[in-house]
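Chain by chain, the residues run as shown.
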Amino acid sequence: MPIALGGKGPVHGINVTPLIDVVLVLLIIFMVLTPLAEKQMFMRVPQYEPQAQPVPPEMVPPDQTVLVLKANGRVELNSRDESLAEAMAYLHAAYDGRLSRVLFFNAEDGVKYETAVKVLDLAHQAGVNTIGMMTDAPRQAP
Amino acid sequence: MKSDINVTPLVDVVLVLLIIFMVVTPLLQRGKAVDLPRARLVSELRHGGDPILVSVTPDGRTWLDKREVPLLQLAEALSAEMAARPGTPIVLKGDRSLDYQRMREVLLQVSKTRVVGVSLAATQVKPGEGL
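Protein sequence lines correspond, in order, to chains A and B.
Residue 67 in the working numbering sits at position 87 of the first sequence, with consecutive numbering throughout.
Residue 15 in the working numbering sits at position 24 of the second sequence, with consecutive numbering throughout.
No lab work stands behind these hints, which were simulated from the structure alone.
Take the hints with a grain of salt, since some may be wrong.
[Stated by the list, open to error] Pairs of lysine-lysine, DSSO-like flavour, derived with a Cα cap of 30 Å: (1) B/K103 <-> B/K23; (2) A/K98 <-> B/K117; (3) A/K98 <-> B/K23; (4) A/K92 <-> B/K117; (5) A/K50 <-> B/K117; (6) A/K98 <-> B/K103; (7) B/K57 <-> A/K50; (8) A/K98 <-> B/K57; (9) B/K103 <-> A/K92; (10) B/K23 <-> B/K117.
Predicted, not measured: the structure shown is a model, and the values here were computed from it.
Produce the complete structure using the sequences and hints provided.
Right under this line is the structure:
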């Protein structure tokens, strides 16, 4: 759009260079921030059943795996006390070629959430694809 | 006579890119800010778009999206939110310094809504980095 400036002839267009500068800087800021965004892990919470009877440990079907993370860093895999590495080796073998790769997970009260997620992450790497979070406290070791 | 190059297409492209990033960025970082636990194997949310976020801050307080909701009212508030936005995925963001006990209490409240699946938010670490 031509604007007459003191009769010295028209100026063609506005100066867009500062606009481009600002927009490019904003673009770079957003491009840097976007990969820092968080990602998710998938898990399943069992439905709440207020009247459900708790299943005693000896009644758990053999293909169900229950992993309880203890405050001392060891785990209880189907009521057997094992180290984390032993449990993951077992999961690797047990879940290979299985259709339903569900792991039921619980942790003792003193365990940090960060540690629990670390163990869930290891379980994912061992082939578990669905995690059932148990919503009642594990019975404490005597 | 024009001596400059034509920058209009450049400005168009850059502005469109800028708008795309401005729209995408808030979708990826929503809810209350917490220091998330780290994990190697994570997946993006596959469906449903904009998730309902349940956040638990280090002091144990619970937040539904940006609003503070006491633990005992969480199930009710979450049910209302799920009824308003059916099919929306639910993401649980817990601070990494929390005790698991608190997360279990929150999970119990979430399970009272009879939700089928919940995602746990985690920050991805690259294979080379330590957890």
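Hints, verified against the model:
{"no.": "1", "hint": "B/K103 <-> B/K23", "result": "22 Å, holds"}
{"no.": "2", "hint": "A/K98 <-> B/K117", "result": "14 Å, holds"}
{"no.": "3", "hint": "A/K98 <-> B/K23", "result": "22 Å, holds"}
{"no.": "4", "hint": "A/K92 <-> B/K117", "result": "22 Å, holds"}
{"no.": "5", "hint": "A/K50 <-> B/K117", "result": "27 Å, holds"}
{"no.": "6", "hint": "A/K98 <-> B/K103", "result": "26 Å, holds"}
{"no.": "7", "hint": "B/K57 <-> A/K50", "result": "33 Å, violated"}
{"no.": "8", "hint": "A/K98 <-> B/K57", "result": "27 Å, holds"}
{"no.": "9", "hint": "B/K103 <-> A/K92", "result": "24 Å, holds"}
{"no.": "10", "hint": "B/K23 <-> B/K117", "result": "25 Å, holds"}
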